[in-house]
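Using the sequences provided together with the hints, build the complete structure.
Numbering (our numbering), first residue to last: 1 to 173.
Mixed in with the good hints, there may be bad ones.
Just the calculated beta-carbon pair ranges, DEER-fashion [to be verified]:
id, residue 1, residue 2, range
1, 19, 113, 31 to 41 Å
2, 114, 12, 46 to 56 Å
3, 85, 16, 39 to 49 Å
4, 15, 138, 41 to 51 Å
5, 112, 9, 45 to 55 Å
6, 142, 58, 34 to 44 Å
7, 4, 81, 30 to 40 Å
8, 63, 86, 32 to 42 Å
9, 158, 108, 24 to 34 Å
10, 141, 27, 24 to 34 Å
In case anyone wonders, no lab produced these hints; they're calculated from the structure.
Ideal Cβ placement from N, Cα and C applies to all residues, glycine included.
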Amino acid sequence: MDLDAIKTTVLEFVRANQELAPFALGLMTFAESLAFVSLLLPTMTILVAVGFVLAAADIPFWQAWAGAAAGAVMGNWLSYEIGRRYKKAAYDVWPLSRSPQIAARGEWFFQRFGPWAVFLGRFFGPIRAVIALIAGVFMMPGILFQAANFASASVWAFVILAPGAGLAHFLLW
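Shown next, in the form of structure tokens:
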């Protein structure tokens with residue numbers, strides 16, 4: 001099977017299942033934003049490629065963006081709640097227990113930037129996996145956390161999908 005046949009097969013599948021695209025993106029960004037899971041499933045490269053596929057399949061960008069942003073919000077929100085509930089005991093759960101330096105870097109980042117850490121942390125790989133959890137551990141006020149969570153998820157979803165979508169429009173039209 002050649003590359004063109006693979007591309008055609010993938011595009012046909014995505015077009016046939018367009019209504020599931022926002023949901024699938026939401027699940028991917030949920031996993032990417034959830035503490036613990038994010039360390040196991042680095043999906044950033046896949047998400048950029050997905051932007052290209054969605055544009056090539058003529059799925060409206062705003063629908064893909066909304067699904068990606070919603071999943072990212074929910075993943076961080078759950079991580080935050082885990083941190084509030086279990087405090088530093090959450091650091092003892094695998095895979096975080098195997099990489100204590102990630103939690104230490106996340107704590108340093110949070111202490112340095114305060115509420116901005118939640119917004120900025122979403123854009124930095126390993127920090128993204130733990131910053132919401134750490135915000136919960138440090139009892140960041142919920143309203144402040146959610147404001148940073150919603151704002152960062154909206155921008156982050158755009159940033160990860162737009163390059164692929166823009167490239168698709170440039171290359172295909």
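Comparing the hints with the structure gives:
1. Between residue 19 and residue 113 the beta carbon distance is about 39 Å. The supplied range of 31 to 41 Å therefore holds.
2. Residue 114 and residue 12 have their C-beta atoms about 48 Å apart, which keeps the hinted 46 to 56 Å range intact.
3. Taking the beta carbon of each, residue 85 and residue 16 are about 41 Å apart, inside 39 to 49 Å as hinted.
4. Between residue 15 and residue 138 the Cβ separation comes to about 45 Å, which falls inside the hinted range of 41 to 51 Å.
5. Look at residue 112 against residue 9: about 47 Å separates their beta carbons, and that is inside 45 to 55 Å.
6. Residue 142 and residue 58 have their C-beta atoms about 39 Å apart, which keeps the hinted 34 to 44 Å range intact.
7. Under the hint 30 to 40 Å, the C-beta atoms of residue 4 and residue 81, about 46 Å apart, miss the expected range.
8. Range check, residue 63 to residue 86: about 35 Å between beta-carbon atoms, so the 32 to 42 Å window is met.
9. Distance hint check for residue 158 and residue 108: the Cβ-Cβ separation is about 28 Å, which falls inside the suggested range of 24 to 34 Å.
10. A hinted range of 24 to 34 Å for the beta carbons of residue 141 and residue 27 is consistent with their spacing of about 29 Å.
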